Amino acid sequence: MELLNVDNITMKFGGLTAVSNFKLKISPGELVGLIGPNGAGKTTIFNMITGIYTPTINKIYFQDRDITGIKPDKIAKVGIARTFQNIRLLENLTVLDNVMIGFHLHLKSNLASAILKFPNYVREEESIHHKSIELLEKVELEKFKLEKAGSLPYGQQRKLEIVRALATGPKLLLLDEPAAGMNPQETKELMSFIQKIQDNFNLTIFLIEHDMKVVMGICKRILVMDYGVTIAEGNPAEIQNNPEVIKAYLGVDANYA
Amino acid sequence: MKKQNEKLFTILALIVLGILVYLAENNLDAYKLRILNLGAIYVTLGVSLNLIYGFTGQFSLGHAGFMAIGAYVTALLVLPSYYKEMIFILEPLVWPFTVIQAPFIVALLLSGLLAALVAILVGLPVLRLKGDYLGIATLGFAEIVRIIANNIPQVTNGALGIKGVPEFSNLWWTVGVAVFTIYIIKGLINSSYGRALMAIRENEIAAEVIGVNLTYHKVMSFAISAFFAGVAGGLFACLITTIDPRAFMFVMTFNILIVVVLGGLGSITGTVFAAFLFNFALEYLRPIEAGFNIGPIIIPAIPGLRMVTFSALLLIVILYMQNGLMGGIEFSWKGLARFIRKIFPNKKSSEGNAR
Amino acid sequence: MLSERIAYRPLRNAPRISVLISAIGVSFFLQNLAIVIFSGIPKSFFRPTFFKKIIQFGDIRIQSTLFASVVVSAIFLTILIYIVYRTKTGLAMRSISTDIETSRLMAVNVDKTISITFVIGSALAAVGGILWGLRFPQLFPLMGMMPGLKAFIAAVVGGIGNIPGAMLGGLFLGMSEILFVAFLPALSGYRDAFIFAILILILLLKPDGILGKNVQEKV
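Chains as they are written, first to last, in numbering that gives the first Met the number 0: chain A, 0 to 256; chain F, 0 to 354; chain V, 0 to 218.
I should point out that these hints are in silico values taken from the structure, not numbers from a laboratory. In this text the structure is predicted, and so the values were computed from the model without any measurement. Heads up, some of the hints might be wrong.
[Stated by the list, open to error] DSS-like cross-link-like pairs, simulated, lysine-lysine; straight-line CA separation at most 27 Å:
no., chain 1, residue 1, chain 2, residue 2
1, A, K24, A, K144
2, A, K116, F, K6
3, V, K205, A, K70
4, A, K130, F, K31
5, F, K341, A, K107
6, A, K144, F, K333
7, A, K147, F, K83
8, A, K73, F, K333
9, F, K6, A, K70
10, A, K130, F, K341
11, F, K185, A, K116
12, F, K333, A, K142
13, F, K162, A, K147
14, A, K147, F, K2
15, A, K76, F, K129
16, V, K87, F, K129
17, A, K147, F, K333
18, A, K70, A, K22
19, A, K73, A, K142
20, F, K129, A, K130
21, V, K149, A, K11
22, F, K341, A, K116
23, A, K170, A, K76
24, F, K162, A, K144
25, A, K116, F, K129
26, A, K107, A, K73
27, A, K24, A, K212
28, A, K144, F, K129
[Unchecked claim] Computed spacing ranges between beta-carbons, pair by pair:
no., chain 1, residue 1, chain 2, residue 2, range
29, V, L178, A, Y153, 23 to 29 Å
30, F, F8, V, A122, 27 to 33 Å
31, A, Y153, V, T86, 53 to 59 Å
32, F, L123, A, A179, 35 to 41 Å
A virtual CB, placed ideally from N, CA and C, is assigned to each residue, including glycine.
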């Protein structure tokens, strides 16, 4: 059973075609990478899957359900979470709040019981608090829990954004350039972090990256895009030797035996 | 500090407040009471505006509109029928207002509910707008309400307004409503829904992707804010006993906005202080108009000097205290305890540590 | 210029709303100052005889003030468009509105440019005030409130940051108001409400104004 089926979608913004005939099927438990030069349309794909854009042509299916054009908050409820290229944290809220908000979509208590602090709400709030602390401990961010999210160092901010996504309890996690701006040490930690969370949380992961160490290191399957079109698909070895890929990144005259 | 202790302190504080209100009601003259009542009403107005603007980040300039709705509804429900027949001289009051009469608290509740309903209807389309555009749209809404009030004499008595509204508002009501408003809005803010609202303020796109339904949360916040503005409008009508459309021009919303910004966006404590400060300042600057002396310089009586000075003072505060009076800090029993411990380090605790 | 240095410049880094409050504070201050200095009683505006003439085109009679308004507006707006879109100062203004820090890095004198902008804006407002006074010769200190509000609405309707748009917005607003009163005289009490309703409608259909740039946030 495939988890995600992106069925030949095309995205046009007025006269500009950002993405053309993109197909992808992801099975549960996979770790798939998406690479390509800047402007290739990678984030647009993410935006379409998460409901920020609606594909101009064709549909997207998640667990056999048509999720094309569903709004982002419903997409989150269905089980898809994502992080952003330029980190979108809730900067003036505490680290703890940033994680706790991730649990809001599963809240069962209604508004009145939340305002008036009925016992059923109080129990849920405590459980959210507890689970959020647990998540923060797993990534060693617990000591920052009362700091403002915007005051964390860059690498920690990235981790926090991933943790917030995990709080929503997703089945599919989309990571948009998680290693951007990281030094080699942080990148290594990130790679093992991603693999750890995949095991611990039973996730399927789809990531966009420019850092080839990360992509070749942890992705089992890679897609390459250029100018809105998929130009190659395969395992890391295949991709590294694909002439089209080399041309796209390095130009026509590059010579790689 | 244990949760039970906090609750205890809050109850004690409320009792003290009750005693203060009792003393004030029975000993102060009407002039001072009027200012205190206005202060309390502004607390309700300020805290409700803070909910939609300071906490949810939606720049709404429509507060006067909701106040107006509340004021008219309360006035119409609270006045006896024969009286209404008398004062509606432009055009006879339309049925069913001629026959309905309701007790004060029912009128207030209905005012709030109607304001909230209008907020939902208006908010659904309009809250899609952002920033300045939302500001103007809501401002437009408030002006439309005012202009309609001016033009439907069969309901509102048009430009003549409604005079002789019974003076039901006293400190028990105004302070009571203010306390209730703070209780509810604080309860909302310190909950998962409150976090969702602040998430919308911080980063709308991120909030949506985390699963926060933008429309539901924005409209909910807008409606609750409007509810309290409507109730405040009703209290206002029964305080100054006269309402006419001119009371609800943009200046009114602007005043509330000043209170909220002065106190600090997102600080309920700040709003409480600012509400009273604002009203005291406005009143106590009146003597300036009668002329006074600064040392050898004699300043003659100039009408209007009060507003000039007020505007100047306002500008000074805005310029030099950019995060509001409280700097965004919120009052809490824990915070107070920490503050006291800093000033009066407890001998016992330091001895305990030494052992 | 004074108000800019005293009341607006210190607030450059403050939350945006403080600037709005400061601006409105300044406007209240000036208006109340006018009340103090000139007293609240309406005065009449001095009109040179030239403006009192009425010109006739066949059956249509037009006040000469109308011509004056149109001609003067056209002249000043042309000058303004020239300044904003064809001079270095104008370029500086537009770049500051896009990104203030980068403009500084590009050797734009931000303070001076913002001052100039305010001077031009206030001067034009004064011209508008004079034209208004010619048409409605009664002067009183609070006369600017409604026109000021409508000016802001016209700017938003036309698209913030877009001068031809603001022009169009102003024209559109003025025409709509007059046409509304002409065709529905019974509802003339609602003329301002009508303006606001149009405003809201336009914002809902075209959130960035008629000619506004659709600057989408990059996700």
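These are the hints, each one checked on the structure:
1. Only pairs whose Cα atoms come within 27 Å are accepted, and K24/A paired with K144/A is rejected, the gap being roughly 38 Å.
2. Straight-line distance between C-alpha atoms of K116/A and K6/F comes to about 13 Å, which keeps the hinted pair within the 27 Å bound.
3. Taking the CA atoms of K205/V and K70/A, the gap is near 21 Å; set against the 27 Å cutoff, the hint holds.
4. Proposed proximity of K130/A and K31/F is contradicted: the alpha carbons are some 52 Å apart, above 27 Å.
5. Distance hint between K341/F and K107/A is unfulfilled; the C-alpha atoms sit about 42 Å from each other, more than 27 Å.
6. For the suggested pair K144/A and K333/F, the alpha carbons sit about 18 Å apart, so the restraint of at most 27 Å is met.
7. Under the criterion of a C-alpha separation no larger than 27 Å, the hint pairing K147/A with K83/F is inconsistent with the structure, at around 57 Å.
8. Between K73/A and K333/F the CA atoms are separated by roughly 38 Å; this puts the pair beyond 27 Å, and the hint is violated.
9. Annotation: proposed proximity of K6/F to K70/A is violated, straight-line Cα distance about 41 Å (limit 27 Å).
10. A hinted pair counts as satisfied when its Cα atoms are at most 27 Å apart, and K130/A with K341/F does not qualify at roughly 34 Å.
11. Between K185/F and K116/A the CA atoms are separated by roughly 11 Å; this keeps the pair inside 27 Å, and the hint holds.
12. Under the criterion of a C-alpha separation no larger than 27 Å, the hint pairing K333/F with K142/A is consistent with the structure, at around 21 Å.
13. For the proposed pair K162/F and K147/A, the alpha carbon gap of about 52 Å is over 27 Å, so the pair is violated.
14. Taking the CA atoms of K147/A and K2/F, the gap is about 24 Å. The hint holds against a cut of 27 Å.
15. Of the supplied pair hints, the one linking K76/A and K129/F holds, its CA atoms being roughly 25 Å apart against a limit of 27 Å.
16. Proposed proximity of K87/V and K129/F is contradicted: the alpha carbons are some 32 Å apart, above 27 Å.
17. For the given pair, K147/A sits about 19 Å from K333/F by alpha-carbon distance, which is consistent with the 27 Å threshold.
18. The suggested pairing of K70/A with K22/A holds, with an alpha-carbon distance near 21 Å, which does not exceed 27 Å.
19. Taking the CA atoms of K73/A and K142/A, the gap is about 32 Å. The hint is violated against a cut of 27 Å.
20. Using a Cα cut-off of 27 Å, the hinted pair K129/F and K130/A is violated, with the two alpha carbons roughly 34 Å apart.
21. At roughly 38 Å between alpha-carbon atoms, K149/V and K11/A are farther apart than 27 Å, so this suggested pair is violated.
22. At most 27 Å may separate the alpha-carbon atoms for a hinted pair to count; K341/F and K116/A exceed this at roughly 32 Å.
23. Between K170/A and K76/A, the direct Cα distance comes to roughly 10 Å. Compliance with the 27 Å bound is thereby established for this hinted pair.
24. Distance hint between K162/F and K144/A is unfulfilled; the C-alpha atoms sit about 56 Å from each other, more than 27 Å.
25. Of the pairs offered as hints, the one joining K116/A and K129/F is violated, with about 32 Å between alpha carbons and a cut-off of 27 Å exceeded.
26. Taking the CA atoms of K107/A and K73/A, the gap is near 16 Å; set against the 27 Å cutoff, the hint holds.
27. Pair hint K24/A plus K212/A holds up; C-alpha atoms about 24 Å apart against a cutoff of 27 Å.
28. For the proposed pair K144/A and K129/F, the alpha carbon gap of about 31 Å is over 27 Å, so the pair is violated.
29. In this structure the supplied range 23 to 29 Å is violated for L178/V paired with Y153/A, their Cβ-Cβ distance being about 57 Å.
30. In this structure the supplied range 27 to 33 Å is violated for F8/F paired with A122/V, their Cβ-Cβ distance being about 59 Å.
31. For Y153/A and T86/V, the Cβ-Cβ distance of about 41 Å falls outside the hinted range of 53 to 59 Å, so the restraint is violated.
32. Taken as a hint, the range 35 to 41 Å holds for the pair L123/F and A179/A, whose Cβ atoms sit roughly 38 Å apart.
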